[in-house]
Amino acid sequence: MTLANGTEFAAGKTLNYDLPIGVTQFAAGTQLPVQGVLNAALTLPAGTVLRAAVRDASGNVLHAAGAILSEATTLPSGSRLDAGTVLPAQATLRAMTWPKGVALPAKLVLAGNLALQRGALIPSETLVKLPDDAISIPLRPADGSRQGANWAVAAMLPEGSQSWSMRIVAGADIQATDTRAVKVDRLAGSLTLADTHYSHFREVAAAGVWYWADGNWYDTPGTPVPDWALDPGYNICEQEPGQCVQVSWLWADGNWYDTPGTPVPDWALDPGYNICEQEAGQCISVGGSGDLIALHPATQAFSVLRTGTGDLDLIAGGDLRMQSLYGAYTAGMSTASRAGSQTAAFDQPRAKAWDGTYLGTSNNPEADIAAGYEALVDGGANSTYAAWYPDQGGNLMVRAGGDLTGDMLSVSAPLDEAMARQLRSQSSSAHLGNWLWRQARATPPAWSRCRRAGGSTSAATCRAAS
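In my numbering, each number is its position in the sequence shown, counted from 1, plus 5.
Because the hints were derived from the structure by calculation, they are not lab data.
Heads up, some of the hints might be wrong.
[Unchecked claim] In silico BS3-like cross-links for lysine-lysine, where the CA-CA straight-line distance does not exceed 30 Å:
| id | residue 1 | residue 2 |
| --- | --- | --- |
| 1 | Lys18 | Lys112 |
| 2 | Lys188 | Lys18 |
| 3 | Lys134 | Lys112 |
| 4 | Lys188 | Lys112 |
| 5 | Lys134 | Lys105 |
| 6 | Lys188 | Lys357 |
| 7 | Lys188 | Lys134 |
[Said to hold, decoys possible] Pairwise CB distance ranges, derived in the manner of DEER restraints:
| id | residue 1 | residue 2 | range |
| --- | --- | --- | --- |
| 8 | Ala125 | Gly17 | 12 to 22 Å |
| 9 | Asp178 | Asp23 | 23 to 33 Å |
| 10 | Leu135 | Leu414 | 54 to 64 Å |
Yeah, the Cβ is synthetic: ideal placement off N, Cα and C, and Gly gets one too.
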């Protein structure tokens, strides 16, 4: 992908690619990782110790590295400060390239367009701008109905299934016989899992058709505006405020609220409860949808790296980093037949959350989306969940020569102030019940009991209840 001119990167972030920047003002104390050229005169106070050489515009050394200035010295615009210089005062430097791997000392703004290669990191808090003022770009090619599918809720493998084993090695010693071997040098290679993506709200421009407003000077309120009034040479609805209203919904025949065929008023389209979206058959959509004008990230979505009965090895000579939410595991396969005649007793419903829903969706402002996910686990016709107690999952190996880091989410109910609406609530990724589907009810297959030899309950001897 390509970042456009004007993209802003927050201070303290570290990029894995070089960043071209324009004329920039740097604070005192900034250490330059590369040579910088003054865009304005800079006065160095007496006693300044130069950590790197200072050169004139032609590259000739004015002051050597290590020199101590005996008196205040003014460097003219165009002077060159070698890499390693620590600015003794605020300074403005000409366009330069900030090198990858060095933390940004301040907010830096991209100068020109920058094509990013696969694996390039766009850190959080970046204000992304895209060429031609595009709102979004596809990062993956569409692949029929597979694009965007939620594989995390795929049905379990049936009994007898076989799966591929996967071994992913960073910094591999390709001369070794053992494919798990890595080079001794820790810098040989790090394994990074990064697939940051979000569910989002789409902001669409107002759409619909024009109707005469109450109190207009031309025709009956609540009736369509004819073509003569919408002439491009003089469009009454655009030129004369208050004469028209843009209507997206009409009351349907047989609705419970008002006269069929008349515009639906604002009170019925309240974002908290939109009758036309929530109650089927009450309204008729007119005028289609407006243009997409913005995408607002709502909640971070997750990815999976998994197999079924095969093994999964994640090995790095250096660091192993998860920079977005990931589930890395072996899923196994169904074991339903082992229950014999007791199969039905083991197929218990999923436990409900604190709010009475299965997935804690009661506070979700998007009722239709919440209902869609609930339907995947509620035991209904579209449910893919069954408590079949998978078995025969492959081995999982995680080995790193350096640091092992992950990505976590906490509980929040964010509010998008720009849109004045509540966003989708976010569950904690550290809460066991949010990623491990459990029954957790007082049904015999769901709990264990312990007995002493004499019959009283004890933690000494336990067996699963049947």
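Status of each hint after checking the structure:
1. Lys18 - Lys112: OK: lysine 18 and lysine 112 at ~9 Å, within 30 Å.
2. Lys188 - Lys18: Distance ~29 Å between lysine 188 and lysine 18 Cα, so the pair holds.
3. Lys134 - Lys112: holds, 15 Å
4. Lys188 - Lys112: violated, 37 Å
5. Lys134 - Lys105: Measuring from Cα to Cα gives roughly 20 Å; hence the hint holds.
6. Lys188 - Lys357: violated, 48 Å
7. Lys188 - Lys134: violated, 40 Å
8. Ala125 - Gly17: 12 to 22 Å: holds, 18 Å
9. Asp178 - Asp23: 23 to 33 Å: holds, 30 Å
10. Leu135 - Leu414: 54 to 64 Å: violated, 26 Å
Checked against the numbered hints given earlier, the structure breaks hints 4, 6, 7 and 10 and satisfies all the rest.
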